[in-house]
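> These are the residues of each chain, in order.
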Amino acid sequence: MDIQFFQDCARLGVERARDTVSALTGMECVIDLENAYFTEVEEIPLLTGYPDEIVLSSWVSFTGQMEGQIIILFRPDSAESVVRSMVPQFIEDVESENELEIIESIVSEIANIIGCSVLGAIADKSEMVLRPSPPLLIREMAGAILETAVATSYLYNDKVFASDVRFCFTESDAFFEIVLLPRKGTG
Amino acid sequence: MAKILVVDDAMFMRNKTSKLLQENGYEVVEASNGEEAVARYMRENPDLVLMDITMPVLDGIESLKQLRAYDPEAKVVMVTALGQKSMVLEAIKAGARDFIVKPFQPDQLLEAVRKQCEA
Amino acid sequence: MVSETYRITPVKIAETKVSRDKDEVLVAYSLGSCIGLALWDCKQRAGGLSHVFLPQPRDFEYIAASGNSESGPGFVCKTRHNEQPGKYGSTAVPHLVSELIKIGCRRHNLQAILVGGANVIPGLSSPFGQIGQLNLQAVKGALAMEGIKIVGEDTGGNHGRSMHFNLNSGVVKVTSVTRPEKELRFEE
Chain A
1 MDIQFFQDCA RLGVERARDT VSALTGMECV IDLENAYFTE VEEIPLLTGY
51 PDEIVLSSWV SFTGQMEGQI IILFRPDSAE SVVRSMVPQF IEDVESENEL
101 EIIESIVSEI ANIIGCSVLG AIADKSEMVL RPSPPLLIRE MAGAILETAV
151 ATSYLYNDKV FASDVRFCFT ESDAFFEIVL LPRKGTG
Chain B
1 MAKILVVDDA MFMRNKTSKL LQENGYEVVE ASNGEEAVAR YMRENPDLVL
51 MDITMPVLDG IESLKQLRAY DPEAKVVMVT ALGQKSMVLE AIKAGARDFI
101 VKPFQPDQLL EAVRKQCEA
Chain C
1 MVSETYRITP VKIAETKVSR DKDEVLVAYS LGSCIGLALW DCKQRAGGLS
51 HVFLPQPRDF EYIAASGNSE SGPGFVCKTR HNEQPGKYGS TAVPHLVSEL
101 IKIGCRRHNL QAILVGGANV IPGLSSPFGQ IGQLNLQAVK GALAMEGIKI
151 VGEDTGGNHG RSMHFNLNSG VVKVTSVTRP EKELRFEE
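Residue numbers (our numbering), protein chains in the order written: chain A, 1 to 187; chain B, 1 to 119; chain C, 1 to 188.
The reader is advised that the hints may include incorrect statements.
According to the in silico footprint, chain B covers these stretches of chain A (three or more CB under 8 Å from chain B) [unchecked claim]:
id	segment
1	14-27
2	99-107
3	163-172
SDA-like mimics (lysine to any residue), calculated; alpha carbons at most 20 Å apart, straight line [to be verified]:
id	chain 1	residue 1	chain 2	residue 2
4	B	K85	A	Y50
5	B	K85	A	D52
6	B	K65	B	F99
7	C	K22	C	G104
8	B	K19	A	I102
9	C	K12	A	I102
10	B	K16	A	E104
11	C	K12	A	N98
12	B	K85	B	D71
13	B	K85	A	Q65
14	A	K159	C	R185
15	B	K16	A	I102
16	B	K16	A	E40
17	B	K16	A	R84
18	B	K16	A	L155
19	A	K159	C	G104
20	C	K173	A	E53
21	C	K149	C	Q130
22	A	K184	C	F128
23	B	K16	A	E99
24	C	K182	A	I102
25	B	K85	A	L12
26	C	K12	A	E40
27	B	K16	A	S81
28	C	K12	A	E43
29	B	K16	A	A23
30	C	K12	A	Y50
31	C	K12	A	T48
32	B	K93	A	L155
33	B	K85	A	T63
34	B	K3	B	A112
Simulated from the structure, these hints should not be mistaken for lab results.
Note that CB positions come from ideal geometry on N, CA and C, so glycine has one too.
Start from the sequences and build out the full structure, keeping to the hints where you can.
Have a look at this one:
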């Protein structure tokens, strides 16, 4: 598995993610910025630009012939915006005291759908079997999440492949980012 | 009135699906992972199970296998974001009656439920 | 802390910065499993910060910063040639000590404060264990080899932290998303 293979997988995954989010939200989702890196492991946490920025992030790991992590980053106000567009009726019905819990649950599910659609696109094209973990939702500084993810998985690797794609909407200010960290798998 | 067990680790998905089913005349019970699903199935004896796949503790495929071992007549429809061909095959082989990929339209789900409950 | 009279100097992952500038605040942002290693000489009011990412290099052999000489480094840094010594806990410590000696600090006056070493992704583990804990062990082990006392720490747990190290006052402010701000002080 070389860098070109990972880049091709990333491309397939993000295009499917874009289409899935458009279908989910009813708003046109577009790819705003797309970068692929093969860089020193210590550069990865700086990818998103502002490492101390607080994000609502979904973390998924996957295993199979390819393995790795998919980290989806929402800025908190963007998360709420995406959620409200998806289920405006639902949000109006809920009690305000557990609104945060409900928003987080919805974000978790959106992230699950996005992550699975990324892997699905790659799996369908490559015939690999890729198994994701249930998503873990983390509200934390972006850099802290990325550095923990990368340090744990790439302890003695010099360089790491990462795909970092930013998505936005034509009808809203909301945006989110997907960081894909694939590597050759063991099974 | 058919009883349906809705299994999903996301509270939002359970709420949304339950609401849809109840509005269409079904009785609903819920579980948040595959292990809970098996326990609830044994206690509640539902007519149909809607099962997510990626869940903590016990995933949907393993839960399906346990349910079918306990009750070979158990009707389980997978409702999941994980739509890889290999996953569909694995689920069908393990005894799932149908496979719905999220995001789905409400009518899609209702049609699949109707089909299984009338059979 | 962050006022117009202070200059903020960020210390990115794997970097090491030392200073005698009383208007300078060394900052390590978003420490997850990383360790912010702060050393301070209260007599000189000078200090430094390393942003440690991993415990030790793959081919590692610890050789302390020269045990007897105050004048220069005697250590061998076994990172690969293009890697910064601040990247690894085991190499960051002797490197930071040696850089501080270069700007006039005395080894026996140095104290340490450590921040970070958390696991913000519960459920993520490596075959080697939790990286945050491994980083902490490596840094503490290296500090013990150098004979440097740890006078404060805010480490472990599941939350990320940022640290602001004021070289003049000897105060380290620790902030995080979910916890109240915390202050750690070097001893005078």
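> Return the numbers of the hints above that this structure violates; sort them in rising order.
3, 4, 5, 9, 11, 12, 14, 16, 18, 19, 21, 24, 32
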